[in-house]
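**Q** Sequence:
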Amino acid sequence: AELIEAAHAATPWDDLLRAAEKLGASGASDQSCAAAISGAHSLAEVPADCWGAYFEVFYTQEKVLRARLVTDSFGRNEPQIAALLDREQARFAAARSAILAAERAADSAAAYVIAACLAAAYREAKQRAGVLDFEDLIAQARALLKKSEAAPWVLYKLDGGIDHILIDEGQDTSPGQWELIEPLREEFFAGAGAREAMRTVFAVGDPKQS
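Take the sequence shown: its letter number 86 is residue 86 in my numbering, and every next letter is one higher.
Treat the hints with care, since some could be wrong.
With a straight-line Cα cutoff of 25 Å, these simulated DSS-like cross-link-like pairs (lysine-lysine) come out [stated by the list, open to error]: (1) 147 x 157; (2) 147 x 126; (3) 146 x 157.
Simulated from the structure, these hints should not be mistaken for lab results.
No experiment lies behind these values; they were computed from the predicted model shown.
Hey, can you work out the whole structure from these sequences and the hints?
**A** Structure below.
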């Protein structure tokens with residue numbers, strides 16, 4: 001709202017109304033521009049409504065910047081008005097971009113708050129039920145293999161029973177999952193005790209699917 005009010009306050013209404021008066025005496029296309037300016041000015045007491053109406057001066061119904069604000073003949077006869085409208089279109093477009101960016105930032109912040117609340121509620125629900133989800137299992141297994149005091153023994157026991165590691169859909173394998181796989185892979189080929197059996201690590205995946 002503050003950005004809209006600031007942009008609205010900078011609108012040169014006196015110049016625009018004089019321009020609209022001359023546009024109104026021109027052809028149908030220029031008269032349409034004059035009507036859009038006058039319609040926006042009639043809402044000047046409510047910046048948000050006025051800003052929305054002012055949009056029609058510079059943008060098409062498809063929300064694309066108008067390539068031409070006045071007719072060629074009018075522009076030749078009134079170059080100052082044509083230049084004024086061009087400046088206003090550029091100012092409006094820049095202000096609109098800033099306003100839209102601010103709105104998206106506000107939306108993102110609100111979504112983050114909602115997501116944080118949902119995540120907290122989800123964690124509490126898992127704790128009450130005494131359950132783990134898939135991501136919890138990955139994190140717990142990764143901690144067991146990389147951080148716990150029992151990690152060497154667990155890796156030794158796993159190494160005795162695993163000869164092949166296959167990672168399917170590798171393009172979708174998360175960093176946490178790769179960190180879980182890495183100590184198992186390293187144990188395959190670690191030290192003089194590495195077994196003589198053929199041992200393989202095979203990853204497949206199409207980056208186009210990601």
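**Q** Give a verdict on every hint.
**A** Cross-check of the supplied hints:
1. Under the criterion of a C-alpha separation no larger than 25 Å, the hint pairing residue 147 with residue 157 is consistent with the structure, at around 16 Å.
2. Restraint check: the Cα-Cα separation between residue 147 and residue 126 comes to about 23 Å, which is no more than 25 Å; the hinted pair holds.
3. About 14 Å separates the Cα atoms of residue 146 and residue 157, which keeps this hinted pair within 25 Å; it holds.
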